[in-house]
Amino acid sequence: MRRTFTAEEKASVFELWKNGTGFSEIANILGSKPGTIFTMLRDTGGIKPHERKRAVAHLTLSEREEIRAGLSAKMSIRAIATALNRSPSTISREVQRNRGRRYYKAVDANNRANRMAKRPKPCLLDQNLPLR
Numbered sequence: 001m002r003r004t005f006t007a008e009e010k011a012s013v014f015e016l017w018k019n020g021t022g023f024s025e026i027a028n029i030l031g032s033k034p035g036t037i038f039t040m041l042r043d044t045g046g047i048k049p050h051e052r053k054r055a056v057a058h059l060t061l062s063e064r065e066e067i068r069a070g071l072s073a074k075m076s077i078r079a080i081a082t083a084l085n086r087s088p089s090t091i092s093r094e095v096q097r098n099r100g101r102r103y104y105k106a107v108d109a110n111n112r113a114n115r116m117a118k119r120p121k122p123c124l125l126d127q128n129l130p131l132r
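Here the sequence shown is numbered in full-length UniProt numbering, starting from 1 and rising by one per residue.
You may find that some hints are simply not true.
[Stated by the list, open to error] Calculated lysine-lysine pairs in the DSS-like style (CA-CA distance at most 25 Å, straight line): (1) K118 x K53; (2) K18 x K48; (3) K33 x K48; (4) K105 x K74; (5) K105 x K48; (6) K18 x K33.
Everything labelled a hint here was simulated from the structure, so no lab data went into it.
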């Protein structure tokens, strides 16, 4: 089974690495394998990534929970939108992109939104050859 780290554990990995602690020692502290620590650090170049901040316009987990509760209570999309002070089209798109009225799950929808926000962005030097 794949080992997942909490936000605090990830922060401690980068802090320990910054202080000169090796892969094996970090792995022992966190009860993980050195290869897992190596992969985490390799993926970010050994630099702690910035914390992601969601824009105010995006739906929050609590709003997604309200959508799920509204769908379970057989409320209309417009009634849910009015309760959340959102556009009906926003609620409709959210429900449709996350398995529809019958199978909508707030946590899955929130995780998907976070995952989709982390899209790969090409480096400026890769896009513009004269800059090389």
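Hints versus structure:
1. K118 x K53: With a Cα-Cα distance of about 12 Å, the restraint between K118 and K53 holds, given a limit of 25 Å.
2. K18 x K48: This hinted pair holds, its Cα atoms lying about 9 Å apart.
3. K33 x K48: Given pair K33, K48 holds - Cα atoms ~19 Å apart, limit 25 Å.
4. K105 x K74: Since the Cα atoms of K105 and K74 sit roughly 15 Å apart, the hinted pair holds (cutoff 25 Å).
5. K105 x K48: violated (31 Å)
6. K18 x K33: holds (19 Å)
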